[in-house]
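Model the full assembly from the supplied sequences, consistent with the hints where possible.
Chains U and G supply the protein sequences, listed in that same order.
Going by this note's numbering, the first residue of the first sequence is number 43, and it counts up by one from there.
Going by this note's numbering, the first residue of the second sequence is number 4, and it counts up by one from there.
Careful, some of the hints might be misleading.
Below, in silico cross-link-like pairs of lysine-lysine (BS3-like), each with a Cα-Cα straight-line distance of 27 angstroms or less [said to hold, decoys possible]:
#: 1; chain 1: G; residue 1: K573; chain 2: U; residue 2: K68
#: 2; chain 1: U; residue 1: K351; chain 2: G; residue 2: K593
#: 3; chain 1: G; residue 1: K588; chain 2: U; residue 2: K351
#: 4; chain 1: G; residue 1: K593; chain 2: U; residue 2: K402
#: 5; chain 1: G; residue 1: K593; chain 2: U; residue 2: K68
Think of the hints as simulated: they come from the structure by calculation, not from any bench.
Residues per chain, in single letters:
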Amino acid sequence: MAQLPDGDPVPDDGSLPAGAHEIAGKRGFGVYLHVPFCASRCGYCDFNTYTPGELGGADIDGYLEAVKRELKLAKETIAPGQVRTVFVGGGTPTMLTPGQLGGLLDEIDKTWGLEKGAEVTTEANPESVTPDSLKQLRRLGFTRISLGMQSAASNVLRILERQHRPGRAPQAATEAREAGFKHVNLDLIYGTPGESKEDFELSLEKATGAGVDHISAYSLIVEDGTRLARQVQKGEIPQPDDDVAADRYLAAEEHLSAKGFQWYEVSNWATSPQAQCQHNLLYWRGGDWWGLGPGAHSHYGGVRWWNVKHPKRYAERLGQGKSPGLAREILTAEQRETEDVLLQTRLREGLDTSTVDVSKVEPGLLEISEGRATLTLRGRLLADAVVRSLLT
Amino acid sequence: MPPTLGSNLPGATAPDAIRNFCIIAHIDHGKSTLADRMLQLTEVVDPRLMRAQYLDRMDIERERGITIKSQAVRMPWTIREGERTGEQAVLNMIDTPGHVDFTYEVSRSLAACEGAVLLVDAAQGIEAQTLANLYLAMENNLTVIPVLNKIDLPAAQPEKYAEELAHLIGCQPEDCLRVSGKTGIGVPHLLDEIVRQLPAPVGDASAPARAMIFDSVYDIYRGVVTYVRVIDGRIEARERIKMMSTGAVHELLELGVISPEPVKSQAIGVGEVGYLITGVKDVRQSRVGDTITINNRPAKTALGGYKDPKPMVYSGLYPLDGSDYPDLREALDKLKLNDAALVYEPESSAALGFGFRVGFLGLLHLEIIRERLEREFGLELISTAPNVVYRVIMEDGKEVTVTNPSEYPTGKIGEVHEPTVRATVLTPNDYVGAVMELCQGRRGSLQGMDYLSADRVELRYTMPLGEIIFDFFDQLKSRTKGYASLDYEPSGEQAADLVKVDILLQGEAVDAFSAIVHKEKAYAYGTMIAAKLRELIPRQQFEVPIQAAVGSRVIARETIRAIRKDVLAKCYGGDISRKRKLLEKQKEGKKRMKMVGRVEVPQEAFIAALSTSESPDAKKK
Chain U
43 MAQLPDGDPV PDDGSLPAGA HEIAGKRGFG VYLHVPFCAS RCGYCDFNTY
93 TPGELGGADI DGYLEAVKRE LKLAKETIAP GQVRTVFVGG GTPTMLTPGQ
143 LGGLLDEIDK TWGLEKGAEV TTEANPESVT PDSLKQLRRL GFTRISLGMQ
193 SAASNVLRIL ERQHRPGRAP QAATEAREAG FKHVNLDLIY GTPGESKEDF
243 ELSLEKATGA GVDHISAYSL IVEDGTRLAR QVQKGEIPQP DDDVAADRYL
293 AAEEHLSAKG FQWYEVSNWA TSPQAQCQHN LLYWRGGDWW GLGPGAHSHY
343 GGVRWWNVKH PKRYAERLGQ GKSPGLAREI LTAEQRETED VLLQTRLREG
393 LDTSTVDVSK VEPGLLEISE GRATLTLRGR LLADAVVRSL LT
Chain G
4 MPPTLGSNLP GATAPDAIRN FCIIAHIDHG KSTLADRMLQ LTEVVDPRLM
54 RAQYLDRMDI ERERGITIKS QAVRMPWTIR EGERTGEQAV LNMIDTPGHV
104 DFTYEVSRSL AACEGAVLLV DAAQGIEAQT LANLYLAMEN NLTVIPVLNK
154 IDLPAAQPEK YAEELAHLIG CQPEDCLRVS GKTGIGVPHL LDEIVRQLPA
204 PVGDASAPAR AMIFDSVYDI YRGVVTYVRV IDGRIEARER IKMMSTGAVH
254 ELLELGVISP EPVKSQAIGV GEVGYLITGV KDVRQSRVGD TITINNRPAK
304 TALGGYKDPK PMVYSGLYPL DGSDYPDLRE ALDKLKLNDA ALVYEPESSA
354 ALGFGFRVGF LGLLHLEIIR ERLEREFGLE LISTAPNVVY RVIMEDGKEV
404 TVTNPSEYPT GKIGEVHEPT VRATVLTPND YVGAVMELCQ GRRGSLQGMD
454 YLSADRVELR YTMPLGEIIF DFFDQLKSRT KGYASLDYEP SGEQAADLVK
504 VDILLQGEAV DAFSAIVHKE KAYAYGTMIA AKLRELIPRQ QFEVPIQAAV
554 GSRVIARETI RAIRKDVLAK CYGGDISRKR KLLEKQKEGK KRMKMVGRVE
604 VPQEAFIAAL STSESPDAKK K
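Given below as structure tokens:
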């Protein structure tokens, strides 16, 4: 925790170098809002989130106030035009009431204005939403819900230390649709130690059965410093196996494509182009966004910065009239190109073949068509290797 | 002003007053500390300038406790007690290198002395290398004074080890002196005894000069400094000297004695020990064991015992970063100036790029050179598994000398000869079985076995040197909980049933892993390396077969399965920086990858696969 930030310092007023303003604005603008609260911490999670006991005196009211201050600072710092996408992530955004979430959305709208038809997503835990709260969120302007389902198998949920019952996530998804959400995502995790092939197939079955238009599926990563990592280290839980993860991924592709989903990013599937998450696409296409909240990352015109992590420290900095930015990096042209390749490789829309040397990639991993290079199914599982071949 | 040398000035000291001695001791048995006390007692070092291990010059010597190059220190001493009190003498303490690889250098240092102090740790007893050097001293007819050191230690058992020493050199236990280099107890008495017990040097002062070189050190400011012991005649400053092995004549630029800083002098005579500087820049021009004479009145015959150092062990040294190759060459050229035994020539390896095949006296010599290259020259190196020199006789009678497995001939082979050594192992008798098992497994044949004391045994084996350089020492230590010690010396060669094992990655031989092994061990070597590589080489985007083969016959096979997943599932806003940085790091990492065909092999895999389990530190004890 005492690690020094590995970037340059952010000026107290949060101002950006002049060059950033020239580069920015070509690929759309979004807002990310980080809600750093959780009722309890799941064993695998290394996100920047805090249970009530870990807040050290910070509270939701102070947080809301600080976010408003950061928005004010942001307005003075950049002039991005209207907001195309908003994404509220966590933590558990639904630790805030729909009214509080709606209030922050209003503030964002007041700051820059939301584009007509803007995508406004919030993450939610299945156990912390009700038909009623979902209806309120919809009414307050949210257009998309992303629910952390992870698995339909209770043994897997137990290892992950998720609190919800196995059937609750698909049920919440149905409730969201009934509340008027056209776009609902379910997140799945595969490759959890102890998860059988059947467990994962059941999860896919239940997820697609809930009538959602988007599914994200991630292989479980044992992140350093998590409770899961300690359990793995002690040998209480076996290390997830990459070959098993590869099998699960293939199963996901097979099941999802049979149910009308198509991959558009390595870990994301949607039933139509409209169902794709516009906010995440903005990340992957190198767009600009302001990340509000403790620990949030921002990118604007080739500058990446990230806020102090603890809500208390975050609120203090803003209370003192200072930028909450902990550190930043100003990307060189070469670094921006590197990022473009590493992000675009992961997308089905793929890479412009005139910008990369596809001959450096092992045969069978890329498919070339109409000037675009797209990962094959095997290539998707080796996407990082493909990026390395292209860039090193 | 240099400290006083007493009334006995160099060049004007009667042989009767001179005592030349060396200290034979195992590493860690306290030789350097005892030498420190002697320097203080004889007052040749200004107390303000005294430091621990005064005579050890190189960092490596100090850290590893190994004396690599010897020195000779002249110290005046007046007998303090007992009979002959007040008699003045000049002591020349000739330091000897303390390890098995330098047996020849040790033998020359011993040949410069009339006596030896056998220094043994009173808590540990004698070790194999000390024993070997003791035998060498006895062969050279040196008078041996047995001394037990560290008697201040609570664990000291002077009675027990005095028995052992008495048994070894044929004296009475009470003849063993007892000292503590640390506290200084017993050291004045030891100096007295050196004068009383050791014979004075004998030589013909009027004969043409003959002086034996017992060490030769390169100094960047002064060129080669040569240490000599005068046997006959006299060497005077400003004379032209002649190296008797080559006939080369050099101007004498400086002559002097070490005490322990250099003190110039006009001459050195019979029995004296000193240094000389001629301006040569390479120790090869002033070789240990050679005889120096005066050019205008040369001696007719050289002193006996001169030998050219012959490398016994070869290893390929490669820079990790190929662009360091010129630096490696330059570094070797520099080290060579000070190391007449170091030989090397450029070689290239398909897997490792450009490097050098380097010949060493033995494993320790290899470790020292490697460490100096890395430490003093900042080079990062890969070294291939060391091998010995094989003499391969083809069926058509042609003979090939193989110093690198890749030179092993492919045609019809008649006979292969490998070098052998006489190995001595000292072990507590509890481990005799384990040691015998190990030696027999390494094709050793037992030559003899003696009890040094009730619980310590000396085992003598003849073994192929090739078996010793492959982690034998580590095995010996681990099977005897660190108690056994080892010494060996070359003992000729023998014909053996040897084959070359190649290791193939995706059908392509990796020259760095080829090894010449006994036929019966080919399979074990092949499976061991193949299994090691399977663990060490990361899975590639395609399947990689690893094979071990003798000729075209595959004797072991492993497969590295193709990697199926190499993607991090998540890549959202906050992950992008991290991912890019990882990629930048991997880019750097890729420079450290060696390509074998299409297979990317990390340097670390090469290093790990090439290392026997042996670590350099293991040889300290």
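Each hint, compared with the structure:
no.	hint	in the structure
1	G:K573 - U:K68	holds (25 angstroms)
2	U:K351 - G:K593	violated (33 angstroms)
3	G:K588 - U:K351	holds (25 angstroms)
4	G:K593 - U:K402	holds (14 angstroms)
5	G:K593 - U:K68	violated (34 angstroms)
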